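Colleague: This is what each chain is made of:
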Amino acid sequence: MEILKTYKIYIGGAFPRTESGRYYPIVDASGSTIANVCLSSRKDVRNAVVAARKVFGGWSEKTAFNRGQILYRMAEMLEGRKLQFLEELTKQGSSKEAAALEVQESIDCLVYYAGWADKFQQIASSVNPVSSSHFNFSALEPMGVIGIVAAQETSLIGLVKFIAPAICGGNTAVVAASEAFPLCAVTFAEVVHSSDVPGGVVNILTGKVSELAPAMAAHMDVNALVTESLGELDKPLALACVDNLKRNLAYQHAVPQGLQYITALQEVKTTWHPIEQIGGASSSY
Amino acid sequence: MAKKNTANSQTEWDYAASPESTSHIRLEKKYQLFINNEWVEPSSKKYFPTINPATEDVLAEIAWATDADVDKAVKAARKAYTEVWSKMSGAERGKYIYRIARMMQERAREFAVIESLDSGKPIRESRDVDVPLACNHFFYYAGWADKLEYAMPHKKPEALGVAGQIIPWNFPLLMAAWKIAPALAAGNTVVLKPAETTSLTALKLAEIIKDSGLPPGVVNIVTGYGDTGAAIVNHPDVDKIAFTGSTNVGKIIQRAVAGTHKKTTLELGGKSANIIFDDAPIDQAVEGIINGIFFNQGHVCCAGSRLFVQENVADLVIKKLKARMESLYVGDPLDKNTDIGAINSKEQLDTINKYIKIGKAEGAEIYQSDCSIPSKGFFCKPTLFTGVSQSHVITQEEIFGPVLTIQTFRTIDEVIQKANNTPYGLAAGVWTDKGSRIFNLTTKLRAGVIWANTYNKFDPVSPFGGYKESGFGREGGVHGLSAYLK
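Each protein sequence line maps, in turn, to chains R and D. Residues in the first sequence are numbered from 10 upward in steps of one, following the working numbering. Residues in the second sequence are numbered from 9 upward in steps of one, following the working numbering.
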């Protein structure tokens, strides 16, 4: 007798059920139920935002090197659980080849961003030669709490490709999984959980996108919303983002690797640091 | 310009008036719209007056552009983009921008005088800050035009197309430069709308643009009120909206473009913290506080309007601050002695006075310098409020005038929390002798620009822009280019 897995959500480093007590069934191609997953509520979104905000300071102040190590650890854990992801993907309708490709892409994506963690700052920041006695520099800082709606047509890569660049740059994330293919999202939460990622940095919810995404877009303590073409939902989401001028990144088609996905979730901060001017010594001393 | 002595002032200075001459400036009685390098009548045939806020005299009549005029301007910009500007090499584009920069330098004084006449800002500021920075901005971005591939690593830089740009009245020419220069360098064409109270220097810039031989339609300037701006924002053939102004209008714009292909950058309001530690060079810090809040009559989006002073030096700082306020000259913007000029409009003066009234009603203690102000025109005495808390309206909302609120703090943690406790995030100032403390604070303050032991410094190479509800995107420096590139 096979022991079936209970698919729960992931908030603040714990695996609760949705506070609403609701669920929805996931069925395979033959129509039989393969899992009951949480139909998360707006309240779950709010709880997840609180958890994400609470750890934002700690996560963003970790060294870039350390964040890179943790992302690499996530790749290791994902590699170790490859078979489970392959099985879940095929259960949800992927071909074996497609499943293998998707898992490999996801691992590669994590390794890719692991490498960027302590490098993107060097590429995207600047020292600015101002015409006054100041050392003026512009450096990147994470935006804060990012709402992410996973690309909906895939179960794993559509989630990983948005989470990795967000947390690589020191942000924390509240993620709505693919509504139709949510299984890998929950299993990926277990990967996150076992990879030294502090609880609350990544929070993953399953449920209706039409319920979760507007809640994220309207939340006043979410700094940015990342989505991939949700059709008719795009415009209302864009409108809801305006109330706190949330950065609204609605990608048409996002690829799993790219520096721009990190920098899009960073703010540029410019500092004018004084340079002492005493005496007449010139550089020819 | 007479200055009374008072119990608070430590010195009594009285200078003979030293007004800048206006004999050399050229102003038309009536200004048309600048479309396709030509001066065209607005289809409405309507004009509105622009006045000198220091005297309330009419300076000129300005054309009021309608939807049809904006459409004409956008069509001209699109044609110029498709047929000329997008095909031109970056090096050639750069040469035009360099030429504009040089012609502005040649006519710098005329621009400064007109800017002070039209906006009310002191001639010292328009002459030494606004106009030179505007020229330098063109000069800086001119050099980027043929080097765009270095600006964005591993991306093929591509212009967006037609940029609609809407600018405020506080730095009229400088904001025009901040908008036009990077847009042209990146290969876009432009439809720009100046603020209705300060159209003149943008129209003088149009003269230079025409003289420079810039291909027709590359830069179009349409004047008018909010309805003209809305026509730009809502025009379907505009690819990019760049806006500087209030957070409220920024949100209206953002809602209007939701669901369209238009990219936006918004440079909006602020309520920036200026933080004085007990080890700061106090006299220098007092100058910084003055400059932070009274520069340009406080009409500065990044004004240091929330002052935080460490408790053990608060009495000393406030005493010195009041004494320094007494020595500020409020009056004729064209007088070279003037520190604080005219409030830009009657409307803005009413807003400021409304907030002063609210502050008093909230129980805060008001102090205003004992200066005389001219009987005509729109003027406001430098004002500070003590005894305020985080919850006061005057510490939360942007006043956009010469009004400072003062709070005290004991520890670094406390001041960081207080400073960040605002929906805005444009700028902050930190005054301390300790370099390591500067870096500690600069990483913890959630704002786009941090000035250490200085305030309100600007430079074309230095990216400027906000966090949170102060907007998004950067202007200036290499980061300012990405706002105009795909």
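No wet-lab data here; the hints were simulated from the structure. Don't take each hint at face value.
[Claimed, not checked] Calculated lysine to any residue pairs in the SDA-like style (CA-CA distance at most 25 Å, straight line):
{"no.": "1", "chain 1": "D", "residue 1": "LYS426", "chain 2": "R", "residue 2": "ALA148"}
{"no.": "2", "chain 1": "D", "residue 1": "LYS465", "chain 2": "R", "residue 2": "PRO283"}
{"no.": "3", "chain 1": "R", "residue 1": "LYS244", "chain 2": "D", "residue 2": "VAL265"}
{"no.": "4", "chain 1": "D", "residue 1": "LYS155", "chain 2": "R", "residue 2": "GLY267"}
{"no.": "5", "chain 1": "D", "residue 1": "LYS270", "chain 2": "R", "residue 2": "ALA273"}
{"no.": "6", "chain 1": "R", "residue 1": "LYS244", "chain 2": "D", "residue 2": "GLU157"}
{"no.": "7", "chain 1": "D", "residue 1": "LYS270", "chain 2": "D", "residue 2": "GLU157"}
Note that the coordinates shown come from a computational prediction; the quantities given were computed from them, not determined experimentally.
Colleague: Evaluate each hint against the coordinates.
Modeller: Hint-by-hint comparison with the structure:
1. LYS426/D to ALA148/R: Within the cut-off at roughly 23 Å; holds.
2. LYS465/D to PRO283/R: holds, 12 Å
3. LYS244/R to VAL265/D: holds, 9 Å
4. LYS155/D to GLY267/R: holds, 22 Å
5. LYS270/D to ALA273/R: holds, 17 Å
6. LYS244/R to GLU157/D: Outside the cut-off at roughly 33 Å; violated.
7. LYS270/D to GLU157/D: With a Cα-Cα distance of about 23 Å, the restraint between LYS270/D and GLU157/D holds, given a limit of 25 Å.
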